[in-house]
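Enquirer: Sequence order for the protein chains is E and B. Just so it is clear: in the first sequence, position 339 is 339 by this note's numbering, and no numbers are missing. Just so it is clear: in the second sequence, position 28 is 28 by this note's numbering, and no numbers are missing.
Among the hints, a few may not be true.
As the list claims (entries may be wrong) - Computed beta-carbon distance windows for the label pairs:
(1) B:Arg296 <-> E:Gly390: 39 to 45 Å
(2) E:Gly390 <-> B:Glu104: 29 to 35 Å
(3) B:Glu104 <-> E:Gln452: 34 to 40 Å
(4) B:Arg296 <-> E:Glu387: 33 to 39 Å
(5) B:Arg246 <-> E:Gly390: 35 to 41 Å
Stated by the list, open to error - To give an idea of the chain E side of the interface with chain B (calculated C-beta under 10 Å), a few residues:
(6) Glu62
(7) Gly64
(8) Glu212
(9) Arg216
(10) Asp252
(11) Cys377
(12) Ile394
(13) Glu396
(14) Arg399
(15) Val403
(16) Met408
(17) Gly433
(18) Leu449
(19) Val450
Derived by calculation from the structure, the hints in this document are not laboratory data. Note that this is a predicted model, so its numbers are computed, not measured. Ideal placement from N, C-alpha and C gives every residue a C-beta, glycine not left out.
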Amino acid sequence: MTGRAQPLIVGAGPAGIRAAQALVAVGLRPLVVDEAPACGGQIYRQRPVPDGRSAKSLYGSEAGKAQALHGAFHALAGHIDYWPQALLWNLRDGDADIAVAGENRRVAYDGLILATGATDRILPVPGWTLPGVFTLGGSQVALKAQGCAIGSRVVFAGTGPLLYLVAWQYMKAGVEVAAVLDAAPFSAKFAMLRGLPLFPAIVLRGMRFVAELKLRGVALHSGVGGVRIEGTREVSGVAWRSGGREHRIACDGVGYGLTLRSETQASDLAGCTFRFDERDRAWLPQRDAAGRSSVAGVYLAGDGAGIAGADAAERAGERAALALCEDRGLPVSPERAARLERELARIDRFRDVLEAAFPFPAHWAGGIADDTLLCRCEEISAGEAREAMGRYGIVELNRLKAVSRVGMGRCQGRICGGAAAELLAAETGQGIGSVGRLRSQAPLKPVPLVLQPAVRDRETAA
Amino acid sequence: MSQRLDVDVAIIGGGLVGSSAALALRGMGLSVALLDKGFCGAQASGVNYGGVRRQGRPRKQLPLSQRAHAVWPRLAALIGIDGEFIRSGHLKLARGEAEMAALEAYAADVADLDLGLELIGHNDLRERFPWIEGDITGASLCAGDGHANPRLVSAGFASAARRAGAHVLENTAVTGATRNGTGFAIEAGEGTAIRAAALVNSAGAWAGPFAESFGEPVPVSRIYPSMVVTEPLAPIMTVNTGMEGRGIYARQVERGNCVVGGERGLPLPDADFSRPTGDGALAIMNRAAGLFPAMRHAQAIRFWTGTEAAMPDGNPVIGPSGTTPGLFHAFGFTGAGFQIAPGVGEVLAELVRDGATPTPIEALSIARFAKPSSTSDRTADGSGAARPSEPQHRGNLS
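Extracted from the complex, chain E is given alone in its bound form:
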């Protein structure tokens, strides 16, 4: 460690943990920063305090992976620097600004691995901001980390593998699951058969979730549309259309999500070139098979650069770290690197299958009712956004933000940006790839106005 600054790893989920491990293995000492209080990312999130639940009850079939990752990270103690509850909010020319405990730490890094993960993707439906409505990921976090349910009688709606997994987890936890409403038509699920030769265990596990939900009498509906979450002060029920009929069911909690979206703001600030990805319907930072971005020394791993799931994230994290080592002339096993790339390619083929089985209901966007909130931070309805598009002749997403405030609030478009792009595409008759993407700016998330510069101890420590 003479002369060169530390590599910086952003995120301590499956990708970040495996990246850190691989760097330590060749004698590097990375700095790992993570917003959470403990490692694991969203999928292997740990409880804030022990509550007597076993790893098996928390992580189900993935308990082994979770324990292995947590264990691997704890074994790195003393070999890495680790800042939990730390917010990376700015990147510029090899410097990162990180807010930790009310102070700002400016870190000069040499090598940056972005493992920033994903959040739920949603399209607004009537009532989506009512108390009692959570994203599917949020529903899972409540159960996993907090040990509590989002309601006593819950409806899960949307699409994606998480839809059935979370419903099954709630059922197992003893919560009444009133219904599972899948936007995808039932026929789409036959696509899963194509996944059998690739990952039979995953396909069979998904089928088991569905079978067990059915066995317990949970109503499963496919091809749903016109979802409306009802209630005045809080959720009281969900209405939807399927099989040519209107349905309604009472509940006091709703888990809703339409698969995941990548957290790309940090790679944008890092200067990475973006490309439009048809499968994710999103602008994603370019990366090669090893995880190299378009910027020298910046590597991308995990769902933050394209949705592929936790198993892929582990491999991509390690592969990106090996790429960093290769680029520094450090010893790397070419066989190991090639094997990781093969496994990633296989998972990528499976992602095509999942996308066919759980297609994003883009056609919902054009039908978002005018009085439905589009941007909840700035409280802009779909109708107000449409009005702004018409008044100013808007055809591009950043211009829509400028004249309507959509995406301008606390979340900086992380929640509503995708929906706003879909709405703009629908209204203007353009393809989703043609309406542009919201340019990221610091701060990536809100930061305290009073943020004292930290004593510059990093340079001396590195």
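Assemble the complex: chain E is given as a structure, and chain B must be docked to it using the hints.
Expert: The following block gives chain B in isolation, referenced to the frame of chain E:
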């Protein structure tokens, strides 16, 4: 996508200056093509601080500024939206006796121009503006000034011009503009050819090469004013606030967000885009917390910055070309163009139609940058306007 247009006036640059000129020209019945290399109002006009302020301007800008002052309350009638314009007043603070003396000297200097400046002493300030802390000696209040939303006003003028019948061509960069026998030939975008009797260069930070191509090189540089915005807060600030000698300026919008500026960002590799710096943002945030205690526990939710044209003397270039009949310049507002721009649009329209304007603008002429013994009576043909305008030295005017 080839198209040909024959118009009375072509305008290069769809910022607030170009858009308001287009609207005023349409009001006179002239045909107009408004060209922008990107989207109208997406650069300095749309990403500035939003101060609608006469106070503090150099005296030579004030006749124009007073003219613009009359336009702001009429926005709803003019462009269909009020642009969130609020006549809140503008309070310029003095931190120290020298700064207070500067405010007093300014008030005396412009006393004949009817700005209605009111000098406020320390105790009076504490009583009337208790939300301001810090070691403030005194202040000067211009009750008629205020603030507005630049994102809406600039886009509003462009769409009003479009509704009024202007040809608004966005994503149509001008690649060549030349004087020919009867007017100008302009090439733009992919195959757009325009013939125009008059040409307006309101291309902001990109205006330099156009002026140079007509034989009028000017020292335009770029600055990147940088803002911090808080989450929405309960009402704190009753006026748009600035500091003598700069350092900080702040306003609170109706929704509750506080917008604070005072530092500069830096350009990205694509110099048409810029970003705030971490140090600059932190400096603004700490200054704001020191001056406005009610903001101390707020979160900063977004920053922004934009590319603005700056002149070495801090004054814009406005008026007829010195080399080319029918060509008019209006650029280089140096971080203070927002309030004045709607007045500049009216003046440009008068210049195009009448060749003259009742508003005194001679002091802003491009002639002040002409080299004493330069090319004598040559009328340049104009060429090379499409070459990229490199960012020049970082503006150091504050």
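Enquirer: Does each hint fit the structure? Answer for all of them.
Expert: Each hint tested on the structure:
Taking the beta carbon of each, arginine 296 (chain B) and glycine 390 (chain E) are about 41 Å apart, inside 39 to 45 Å as hinted. As the Cβ distance of glycine 390 (chain E) to glutamate 104 (chain B) is approximately 50 Å, the hint placing it in 29 to 35 Å is violated. Evaluation of the 34 to 40 Å hint for glutamate 104 (chain B) and glutamine 452 (chain E) yields a pass: the beta carbon distance comes to about 36 Å. With their beta carbons about 37 Å apart, arginine 296 (chain B) and glutamate 387 (chain E) fall inside the hinted range of 33 to 39 Å.
Under the hint 35 to 41 Å, the C-beta atoms of arginine 246 (chain B) and glycine 390 (chain E), about 40 Å apart, fit the expected range. The beta carbon of glutamate 62 (chain E) comes no nearer than 35 Å to any beta carbon in chain B, farther than 10 Å, and the hint placing it at the interface is violated. Checking glycine 64 (chain E) against chain B: minimum C-beta separation of about 40 Å lies over 10 Å; hint violated. With its C-beta approaching chain B no nearer than about 43 Å, glutamate 212 (chain E) sits outside the 10 Å limit, and its interface hint is violated.
Interface restraint check: arginine 216 (chain E) against chain B, minimum CB-CB distance 44 Å, threshold 10 Å, status violated. Using the Cβ-Cβ criterion of 10 Å, the hint placing aspartate 252 (chain E) at the interface with chain B is not satisfied: the shortest such distance is roughly 30 Å. At about 8 Å, the closest approach between the beta carbon of cysteine 377 (chain E) and any beta carbon in chain B falls short of 10 Å, and the interface hint on this residue holds. Below 10 Å, beta-carbon pairs count as interface contacts, and isoleucine 394 (chain E) has one with chain B at about 9 Å; its hint therefore holds.
At a threshold of 10 Å, the smallest CB-CB gap from glutamate 396 (chain E) to chain B is about 7 Å, leaving the interface hint in force. The beta carbon of arginine 399 (chain E) comes within 5 Å of a beta carbon in chain B, closer than 10 Å, and the hint placing it at the interface holds. Annotation: valine 403 (chain E) was flagged as interfacial toward chain B, and the flag holds, the nearest CB pair being 5 Å apart, inside 10 Å. Annotation: interface hint on methionine 408 (chain E) holds; nearest CB of chain B at approximately 7 Å, less than 10 Å.
For the restraint placing glycine 433 (chain E) at the interface with chain B, the shortest Cβ-Cβ distance is roughly 16 Å, beyond the 10 Å limit, so the hint is violated. A least Cβ separation of about 5 Å between leucine 449 (chain E) and chain B falls short of the 10 Å threshold, and the interface hint therefore holds. Because the closest C-beta pair between valine 450 (chain E) and chain B is about 5 Å apart, less than 10 Å, the hint holds.
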